[in-house]
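*Asks:* So the chains spell out like this:
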Amino acid sequence: MRVVHYLNQFFGGVGGEEFASTGISSQEGAIGPGRLLQKLLGEESEVVTTVICGDNYAAENLDEITEYVVNAVKAAKADLFVAGPCFEAGRYGVAAGAVCAAVSAQLNIPVVTGMAEENPGVDLFRQEIYIIDSGANVGAMSEVLGSMAVILNKLNNDEEMGSPEEEGYIPQGIVRDAILEENAATRILNMIIAKTKGEDYKSELTQTAFEPVPAPPAVKDLTNATIAVVTDGGLVPKGNPDNMPPIAAEIWGSYDIASLDDLEEGDYEVQHRGYDNRHVLNDPDRLVPVDILRELEKAGKIGKVYKEFLSTSGLANPIANSRRLGQEMAKKLKDAGVDAVILTST
Amino acid sequence: MVGSNRVVQGKGIVYPLGDAEISKEDEKELRRSIVQDALDALTTEVEDQQ
Chain D
1 MRVVHYLNQF
11 FGGVGGEEFA
21 STGISSQEGA
31 IGPGRLLQKL
41 LGEESEVVTT
51 VICGDNYAAE
61 NLDEITEYVV
71 NAVKAAKADL
81 FVAGPCFEAG
91 RYGVAAGAVC
101 AAVSAQLNIP
111 VVTGMAEENP
121 GVDLFRQEIY
131 IIDSGANVGA
141 MSEVLGSMAV
151 ILNKLNNDEE
161 MGSPEEEGYI
171 PQGIVRDAIL
181 EENAATRILN
191 MIIAKTKGED
201 YKSELTQTAF
211 EPVPAPPAVK
221 DLTNATIAVV
231 TDGGLVPKGN
241 PDNMPPIAAE
251 IWGSYDIASL
261 DDLEEGDYEV
271 QHRGYDNRHV
281 LNDPDRLVPV
291 DILRELEKAG
301 KIGKVYKEFL
311 STSGLANPIA
321 NSRRLGQEMA
331 KKLKDAGVDA
341 VILTST
Chain X
347 MVGSNRVVQG
357 KGIVYPLGDA
367 EISKEDEKEL
377 RRSIVQDALD
387 ALTTEVEDQQ
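Taken in order, these protein sequences are the chains called D and X.
Using the numbering used here, the letters of the first sequence correspond one by one to residues 1 to 346.
Using the numbering used here, the letters of the second sequence correspond one by one to residues 347 to 396.
In isolation and in its complexed conformation, chain D is listed as follows:
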């Protein structure tokens, strides 16, 4: 099997953080962790090409490096593609996930990478590719590479993939049918008995994990601050000019309130199927409190009300999508010099 391996500048032997802006290049043969990977994959496998790129360069030129890697894998006539493992290195993880996902989608060959669960690359790519849970400790390199080699060989031989726990990869959010000895009533009773006794038990529902978001610093002086309102309650002007969908919205809108002292009944509609919106329609200030904010602005208690409110429909929206909407909104408001946001939710 011909293997192409992607590494960052550190594991590729170029150097540490001071070399993070190094551009992308390839070399023949295995380098660093690739040597061990080659051994673990077995005698028939050979790392023919190693692609190395600095973490900063990769983060700033993700499209370019993705295209470069796909072409390198094609040119090497590779059967398998590996990136990392990246442990907790965030830029490395995002790049490794992106190149793995692109190689898998465009060339349809087995790919694998490894990262710590906290790596931002996990959330972005775990549904598309196998990511071995590497933990944070780089000392576990050989063990992690071993699990990656098992996954690759299984994919390559079309063997059935075990569960995330069995194989050591990060859950992809796939639900599989299984036949169990005990029915649900028995299982749940066993769980509650174990819980009561303080014994270990395992829930059958996986909870969504949210990455912690640090609280931004407090606003120092409201009388000089520009305040914006953002809502996920789906408020849009009558006629829904942006065609906001009422569920799983992939867009957000911004709507002019610069000359308004009050949001009037009849001027707005609600695109959100998750709540009874009559009370908001009767008085949209119940969701976007322009009346009070304008009053505070006129009284000099706050500097300025931002000229638009931003809105989306926060219903049944996948986290990745919601995160993107939030980031786009935050960028717009930051660029416009907004100091703080009141987010209203239904």
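Possibly wrong hints are sitting among the right ones.
[Stated by the list, open to error] Label pairs and their computed distance ranges (CB to CB):
| hint | chain 1 | residue 1 | chain 2 | residue 2 | range |
| --- | --- | --- | --- | --- | --- |
| 1 | X | 355 | D | 267 | 24 to 30 Å |
| 2 | X | 376 | D | 90 | 42 to 48 Å |
| 3 | X | 379 | D | 248 | 33 to 39 Å |
| 4 | D | 320 | X | 376 | 35 to 41 Å |
| 5 | D | 328 | X | 355 | 25 to 31 Å |
| 6 | X | 376 | D | 267 | 20 to 26 Å |
| 7 | D | 108 | X | 379 | 56 to 62 Å |
| 8 | D | 336 | X | 355 | 26 to 32 Å |
| 9 | D | 181 | X | 382 | 57 to 63 Å |
| 10 | D | 67 | X | 376 | 55 to 61 Å |
| 11 | D | 320 | X | 379 | 44 to 50 Å |
The hints are simulated quantities; they were obtained by calculation from the structure and are not laboratory data.
Note that the Cβ used here is the ideal one computed from N, Cα and C, for glycine as well.
Dock chain X against the given chain D, drawing on the hints supplied.
*Replies:* Same frame as chain D, but now just chain X:
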């Protein structure tokens, strides 16, 4: 609350800022007070995130 520490309690699920059951004047007073709570939260440093 998913790492979000400046959370102010509103009226309820179907609308946070008001109360359709009370007079317009009282409702506006209630809205004023919730918006003020939000502004107070914005000017308060968050040290220990829950």
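*Asks:* Look at each hint and say if it fits the structure.
*Replies:* Hints, verified against the model:
1. X/355 to D/267: 24 to 30 Å: Since residue 355 of chain X and residue 267 of chain D have Cβ atoms about 28 Å apart, the given range 24 to 30 Å holds.
2. X/376 to D/90: 42 to 48 Å: Check passed, 44 Å falls within 42 to 48 Å.
3. X/379 to D/248: 33 to 39 Å: Cβ of residue 379 of chain X to Cβ of residue 248 of chain D: about 34 Å, so the range 33 to 39 Å holds.
4. D/320 to X/376: 35 to 41 Å: holds (36 Å)
5. D/328 to X/355: 25 to 31 Å: holds (28 Å)
6. X/376 to D/267: 20 to 26 Å: Because 22 Å falls inside the window, the suggested range holds.
7. D/108 to X/379: 56 to 62 Å: For residue 108 of chain D and residue 379 of chain X the Cβ distance comes to about 60 Å; the hint holds.
8. D/336 to X/355: 26 to 32 Å: holds (29 Å)
9. D/181 to X/382: 57 to 63 Å: With a Cβ separation near 58 Å, residue 181 of chain D and residue 382 of chain X satisfy 57 to 63 Å, so the hint holds.
10. D/67 to X/376: 55 to 61 Å: holds (56 Å)
11. D/320 to X/379: 44 to 50 Å: violated (36 Å)
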